[in-house]
Amino acid sequence: MEEFLNEFVVEVWDNLSHLDRELITLEKCPQDREPLKTIFRVIHSIKGSCGMFGFQRLERLAHAAEDLLGLLRDGALPISTETIQPVLSAIDVIKSIMGAIEKDQTEPAGDDTALVERLRAVCRKSTGEISPVPVSSTGAELSRAESANNRATISEQSLRVHVGVLDRLMNLVGELVLSRNQLVELSRNQEESPFSPPIQQLSRIVSGLQEAVMMTRMQPIGQIWGKLPRIVRDLSHEIGKPLELKTNGAETEIDRQILQAIHDPIVHCVRNAADHGIEMAEVRQKNCKPSTGEIFLNAFHEGGQIVIEIRDDGAGIDLGAVSAKAVERGLISAEERAGLTESKILSFIFEPGFSTARQVTEVSGRGVGMDVVRTNVEKIGGSVELATRAGHGTTVRIKIPLTLAIISALIVNVGRHPFALPQVGVLELVRITAQNRTLIEDIHGSRVLKLRDRLLPVVDLAALLGIHDNLSEFTIVVAKVDQMVFGLIVQDVLDTQEIVVKPVGKLLRAIQIYAGSTILGDGRVVLILDLARIAARAFAPDTRAAVLEETGANGAEGANQKTKLLLFRTGKDLATHAIPLAAVSRIEEFPVSKLERNGGRLFVQYRGGLLRLLRLGADVGDLDPGNTSVPAIIFADADKSVGLLASEIVDIVEERLVLQEGGFAVLAGHATRVLEISEILGIAGEAG
Amino acid sequence: MMVTQLEACREYVSFRLEHQTLGIPVTQVQEVISGLQVTPVPLAGTEVRGLINLRGQIVTVIDLRRRLGMPERAPDDPCMNVIVRNGDEEPEGLYSLLVDSIGDVLNVHDIPILPPPATLDGIWRRICAGVFRLDQAILVVLDVPSVLNFQEEKNDEKEKP
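Chains as they are written, first to last, in this note's numbering: chain A, 41 to 728; chain B, -10 to 150.
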């Protein structure tokens, strides 16, 4: 009996998942009776099976719904929100009953009289005249037989497998990959061995098997999208905005574990779009937009990752309101607000609890708990980006890996211990030897890497892990997490491998910087480092700001210490200026054609936002027309960045800084004006 | 595990730490193994020696001397991994307890189990499920979940004023 019951539960769920979609189609195109037949059939079969198990509640409900559906199907009742709504409610109750049956194997107690009465009341409104359409009735029979036929062929091609079996298969394949790696490792040192060719062969087969098993766990993202039309429909009624949902790429397949993990974030974003993103119909009409708001879902593969976009054609995010809120919440000061880039402002939306504030949701819309969305997506190695255009709408881009189980990783040595680094976040490797040691600058104990005009913060992995290590030669792994690029010092890079991620033991989870553990080809256990956690740990926002402040201040005042200074020429007379290197975050070169003027200020589009550019002692209007590009020194702290245009970057010097009157000092044998970061930011503030 | 529950268990895997004989019910021990390469886990508590590869399964190694606050073993001294199951954990919560040496499986069918002596201090009191008085020595029975519970123990201590 239990077996039959399980089969019944699975079958009903399967059918119910199609129903929502069919019902919404029906409501939109009432003349199309095809969906009605399917719905009627599903409810009918539920009713039929209930008797066998003695589920009386379910039977009574299904019976009432079936009666109403029958009248709708035969045209005795018009199809409208009024007549469809009770059916939707009935299906909701049926779902909750099925959920309970699945759990406890018995029907839960409850009274559905009110709902049944509503269904019957609608039935009673029927005109009683059943439009006689004999041809269509045989047509229905025909199409029923036809679709039964179709179903048979589809079911012959696929079979239902318990997820537990697939998970076990995946685990076993994981083990197999490890054993394969061990064999390959052993045979690598013995090229003449007779075992080598068969091991090669085995290796290929295992790779094929691994791929095939991964395929079995893949499910189309359409599974999530199937549920959304109903949610959007209900929201549309609830908040009184006409909404339309469009989807693309429903067939894009993802590992089922990931599919489960992104379900809630996607639903959340769609709700946000409907609730806050899209304006009321009247507002839309005033702005010459179609009164029906559109939510567009798109999924596609891109570079070994899956991108999911949730786009709305609403009002866009009110950046001013968001930054005002950020000031109010003390995330930034009022002065800092002026120099904020768009991407920085958008990043506030991901601050925990930020968007729950009422004003923001009302004024700017969007973002009830976007921090939760980001946390959930990052948990599975993904990332979330926001883009918005005032009056045109907002797009949320979620990027996620294809699978969690097997990843490609760099095996690196830190203090003679191997660790694995997921390759997804790694941009490049820089080997540091005695020759190019100068690429690394030490600024008050925090190191930076000079990489093609950029200054990247560097984390000493050995120090972070508490391993003592003093290296003269080492490798820097340049990695990117979110929008942040930074370097990681490791002893050397040993290998790249496909590794099977195993969760870290319960006792080690509190350490957080490990994303998992794995077994290498030689049988050694290695820990997998979590780049995002390492970045978060190494560059905690407050410590980062503190470091900048401290080094900035000492740079100008600490008289006895040597200070690194960046020398550059600027102004009409091309006078040499200096700025403490510690305050500089990057040096960029911008094409003159890319510079934009607005209201006497100069901007450049930079990293998805606008960067304010300043010029010392000269009007921003008189840029040298002869040059095609200009260097800019970028200053940035936690919340604000600004670029200082220079005519020429001269050098970096390390000298004892003795400030004379007027902020001058003798550097590299020349009188040089030493600027302070606060001075530069002050100019930005005044002009703003 | 309470004393009453232990009464049902008559066989114990015995092992030594310094001069102390300790035991774990055979039903909780999967195997005893030595000579595996241990991967250290930086930033973990001192009790955690690292991770071992037990036929494809990654197992956390707990140094029982460190866990019990005993002096360090000399680097070259032999040691053994007692692989224990921590019942409630899925899948197969396996841990390795690092001990000095392994003794016999002791059958205690006619010896009564005694509650932990009141004079036992701190950690020992927490991890001791009971004792058996044997002819030559006293067998201290370890409560595996308590042995593995050092993180919460530390948290509790932190919360105390």
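The hints are simulated quantities; they were obtained by calculation from the structure and are not laboratory data. Predicted, not measured: the structure shown is a model, and the values here were computed from it. Every residue, glycine too, gets a C-beta built ideally from N, C-alpha and C. A few of these clues could be false.
Stated by the list, open to error - Reference listing, derived: stretches of chain A covered by chain B, where coverage requires no fewer than 3 residues with Cβ under 8 Å from a Cβ of chain B:
#1 62 to 68
#2 562 to 573
Unchecked claim - Okay, the calculated beta carbon distance ranges per label pair:
#3 A/Asn211 x B/Ala107: 44 to 52 Å
#4 B/Ser23 x A/Gly266: 52 to 60 Å
#5 A/Gln241 x B/Ile22: 56 to 64 Å
#6 B/Gln9 x A/Val224: 30 to 38 Å
#7 A/Gly204 x B/Pro104: 52 to 60 Å
#8 A/Asn211 x B/Ile22: 46 to 54 Å
#9 A/Ala252 x B/Ala126: 54 to 62 Å
#10 B/Arg122 x A/Gln463: 58 to 66 Å
#11 A/Val224 x B/Arg115: 55 to 63 Å
#12 A/Arg471 x B/Asp66: 38 to 46 Å
#13 A/Glu215 x B/Pro104: 57 to 65 Å
Hints and how they fare:
Counting residues of the segment 62 to 68 of chain A whose CB lies closer than 8 Å to any CB of chain B gives 0, which falls below the minimum of 3, so the coverage claim is violated. Given as covered by chain B, the segment 562 to 573 of chain A passes the check, having 5 residues with a CB less than 8 Å from a CB of that chain where 3 are the minimum. As the Cβ distance of A/Asn211 to B/Ala107 is approximately 47 Å, the hint placing it in 44 to 52 Å holds. Checked against the given bound of 52 to 60 Å, the beta carbons of B/Ser23 and A/Gly266, roughly 55 Å apart, stay inside it.
Checked against the hint of 56 to 64 Å, the C-beta distance between A/Gln241 and B/Ile22 comes to roughly 33 Å, which is inconsistent with it. Checked against the hint of 30 to 38 Å, the pair B/Gln9 and A/Val224 fails, with Cβ atoms roughly 46 Å apart. For A/Gly204 and B/Pro104, the hinted distance range of 52 to 60 Å is not satisfied, since their beta carbons lie about 43 Å from each other. Look at A/Asn211 against B/Ile22: about 22 Å separates their beta carbons, and that is not inside 46 to 54 Å.
Between A/Ala252 and B/Ala126 the Cβ separation comes to about 57 Å, which falls inside the hinted range of 54 to 62 Å. In this structure, B/Arg122 and A/Gln463 meet the distance hint of 58 to 66 Å, their C-beta atoms being roughly 59 Å apart. Taking the beta carbon of each, A/Val224 and B/Arg115 are about 47 Å apart, not inside 55 to 63 Å as hinted. In this structure, A/Arg471 and B/Asp66 meet the distance hint of 38 to 46 Å, their C-beta atoms being roughly 41 Å apart.
As the Cβ distance of A/Glu215 to B/Pro104 is approximately 44 Å, the hint placing it in 57 to 65 Å is violated.
Checked against the numbered hints given earlier, this structure breaks hints 1, 5, 6, 7, 8, 11, 13; the rest are met.
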